[in-house]
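Novice: Turn these sequences into a full structure, and let the hints steer you where they fit.
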Amino acid sequence: MEARREGQFVLYERIAPTGRIERRLGFPEGTIVINPVEPVHLPQEITGTIEFHFPSLALMPLSEVTVYLTFPVEIGVFSETDETYNLIDVFSLASPKYSLYGTPERGVITRHVESAISTTPPAPDPLEEGVLTLTIRNTGRDWVWVSRAVFESPSLRIFYGPHAAMSAEMMVYSRLLAETWIKRDPPAEGMQEAIRVYPTRKSLIPEKASYLMEYGVGE
Amino acid sequence: MVFESLSVPVLGAVTALDLLVFGIAVLVSFVIARIVGTYIKKVFGDRVDPAELDKLVRVIQAAIVIIGIYAALPSFDITIADMLVVGGTIGLVAAFASQRIVSNFGSGLFIIAERPMKPGDNVTIGSVSGTVHQIRVLSTIIKTHEGVYVRVPNEKVFTSEITNFVANVARRFEYTIGISYRSDADVAVRVIRDLLEVHPFVLAHPAPSVFVDSLGDSSVNIRVFVWAPSRVWWSVRTEMLWTIKKALEEAGIEIPFPQRVVTIAPGARIEVSQADAGEEDR
Numbered sequence: 001m002e003a004r005r006e007g008q009f010v011l012y013e014r015i016a017p018t019g020r021i022e023r024r025l026g027f028p029e030g031t032i033v034i035n036p037v038e039p040v041h042l043p044q045e046i047t048g049t050i051e052f053h054f055p056s057l058a059l060m061p062l063s064e065v066t067v068y069l070t071f072p073v074e075i076g077v078f079s080e081t082d083e084t085y086n087l088i089d090v091f092s093l094a095s096p097k098y099s100l101y102g103t104p105e106r107g108v109i110t111r112h113v114e115s116a117i118s119t120t121p122p123a124p125d126p127l128e129e130g131v132l133t134l135t136i137r138n139t140g141r142d143w144v145w146v147s148r149a150v151f152e153s154p155s156l157r158i159f160y161g162p163h164a165a166m167s168a169e170m171m172v173y174s175r176l177l178a179e180t181w182i183k184r185d186p187p188a189e190g191m192q193e194a195i196r197v198y199p200t201r202k203s204l205i206p207e208k209a210s211y212l213m214e215y216g217v218g219e
Numbered sequence: 001m002v003f004e005s006l007s008v009p010v011l012g013a014v015t016a017l018d019l020l021v022f023g024i025a026v027l028v029s030f031v032i033a034r035i036v037g038t039y040i041k042k043v044f045g046d047r048v049d050p051a052e053l054d055k056l057v058r059v060i061q062a063a064i065v066i067i068g069i070y071a072a073l074p075s076f077d078i079t080i081a082d083m084l085v086v087g088g089t090i091g092l093v094a095a096f097a098s099q100r101i102v103s104n105f106g107s108g109l110f111i112i113a114e115r116p117m118k119p120g121d122n123v124t125i126g127s128v129s130g131t132v133h134q135i136r137v138l139s140t141i142i143k144t145h146e147g148v149y150v151r152v153p154n155e156k157v158f159t160s161e162i163t164n165f166v167a168n169v170a171r172r173f174e175y176t177i178g179i180s181y182r183s184d185a186d187v188a189v190r191v192i193r194d195l196l197e198v199h200p201f202v203l204a205h206p207a208p209s210v211f212v213d214s215l216g217d218s219s220v221n222i223r224v225f226v227w228a229p230s231r232v233w234w235s236v237r238t239e240m241l242w243t244i245k246k247a248l249e250e251a252g253i254e255i256p257f258p259q260r261v262v263t264i265a266p267g268a269r270i271e272v273s274q275a276d277a278g279e280e281d282r
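Chains as they are written, first to last, in the numbering used here: chain W, 1 to 219; chain S, 1 to 282.
Since the hints were derived computationally from the structure, they do not count as laboratory data. For glycine and all other residues, C-beta sits at the position ideal for the given N, C-alpha and C. It cannot be assumed that every hint is accurate.
From the structure, some residues in chain S lie toward chain W, with a derived Cβ separation under 10 Å [said to hold, decoys possible]:
no.: 1; residue: Asn168
no.: 2; residue: Ala170
no.: 3; residue: Val198
no.: 4; residue: His199
no.: 5; residue: Pro200
no.: 6; residue: Val202
no.: 7; residue: Leu203
no.: 8; residue: His205
no.: 9; residue: Ala228
no.: 10; residue: Pro229
no.: 11; residue: Val232
Specialist: See the structure below:
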């Protein structure tokens, strides 16, 4: 990856297995920012929802458990001037896969993330995977098998330090209904919040604080 | 002199000046509506879905024009009550005189309310297939796959069968792949499954299905069912078929031509003529 001045442009180049990516940036002074972004952009952005699949957990009524999952890292490259960011490239070492949460008629296409469960923070390859700290609460009166957690990408807050990380909560109301949200605090001290892609688009659609999982929390 | 001639009544008590003022007011309202529409598109163009923005701009423009007409009405010395009476009467006359237009208008309202499709959707309406370009109150504009503009009256849209290929977020497509009887169907199924697993837009759930479906005349037929996001299903379908064909060939799986085994009964007499060869020799 390289960025160099060429006349009045800055030429950004990246060599990828599929070929050379080249962008000409018309800015006289600025910064190139590289950090992990919401993992929903590759190979092309078709959804704003991410779905974690993990081995089933049985939660007893009114219980709480914290687990660690991994998620694929997508690396975003931004040009920045006066705190205005423009996404110029996204790449990843992880293989993307997509899925359907719900029914074809009323469901939603999701970025599919298959993850193992850890009870202690794992140490993945930081360029390939990040760590999601997920606290699951069963507020219902029945045992519930949980193997899925769905989040909307505009609400994702990714932090980085030794690796990319997020922390989230999941409130399970029944085997069919749950609510999820991403915490805005860093999962560990010293971590820095990554520039997100969603705010750079200045969309008028407000960010939702939480996501309501209406199609079940298990298989 | 000019002013006096404009003050002469031309239609009841309505003078030419009244008509002129009304015309200018309506014209100005159209100009303002156009300017406002362009401004809204400039400001919100990259933040709002284009179809929704188009709808919003039309509503705002219509409101501006209606306000312009309303503001110009005093020049005719017409009260709202008079206008409602006259408007109602004209509406009734127009309804009888132009039933098809009214029918198209009513159908248009139902289509907008029911929303069986939206601009950008890939649809078939009756015998017309293509992408919905615009849904108007009287007609629906379809851009066919060949890029041809087709205007379908809303009455026809409303009474026709509408197939919307992208109304659901995901859709299924299928292949039937014939392999030779000499080839190992288990290997072929595994090769296809591996390919589907690594393709990002072959959905993990619902999972693809690959199985031996039938024993045909010339081939063992493998069926492949794949779910893909509606937005990209066509590119996935076209890409995967060739990828599967190449992968099967690399794995030594034969995709046979139609063939027939002819068994000659014992004792049957076969005569082979070499007349053609002899003619060539001569």
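Novice: Now, for every hint given, state plainly whether the structure supports it.
Specialist: Going through the hints against the structure:
Contact between Asn168 of chain S and chain W, as hinted, is supported at the beta carbon level, the nearest pair being about 4 Å apart and thus within 10 Å. Evaluation of the Ala170 of chain S hint against chain W yields a held restraint, the C-beta minimum of about 4 Å falling below 10 Å. For Val198 of chain S, the shortest C-beta to C-beta distance to chain W is roughly 7 Å, which falls under 10 Å, so the interface hint holds. The beta carbon of His199 of chain S comes within 8 Å of a beta carbon in chain W, closer than 10 Å, and the hint placing it at the interface holds.
For Pro200 of chain S, the interface hint holds, since its Cβ comes within 10 Å of a Cβ in chain W; the closest pair sits about 4 Å apart. Against a cut-off of 10 Å between C-beta atoms, the interface hint on Val202 of chain S holds, since the closest Cβ of chain W lies about 8 Å away. With a least beta-carbon distance of about 5 Å to chain W, the hint placing Leu203 of chain S at the interface is held under the 10 Å criterion. Below 10 Å, beta-carbon pairs count as interface contacts, and His205 of chain S has one with chain W at about 5 Å; its hint therefore holds.
A least Cβ separation of about 8 Å between Ala228 of chain S and chain W falls short of the 10 Å threshold, and the interface hint therefore holds. At a threshold of 10 Å, the smallest CB-CB gap from Pro229 of chain S to chain W is about 5 Å, leaving the interface hint in force. The restraint placing Val232 of chain S at the interface with chain W holds, with a minimum CB-CB distance near 6 Å, inside the 10 Å limit.
The structure shown violates none of the earlier numbered hints.
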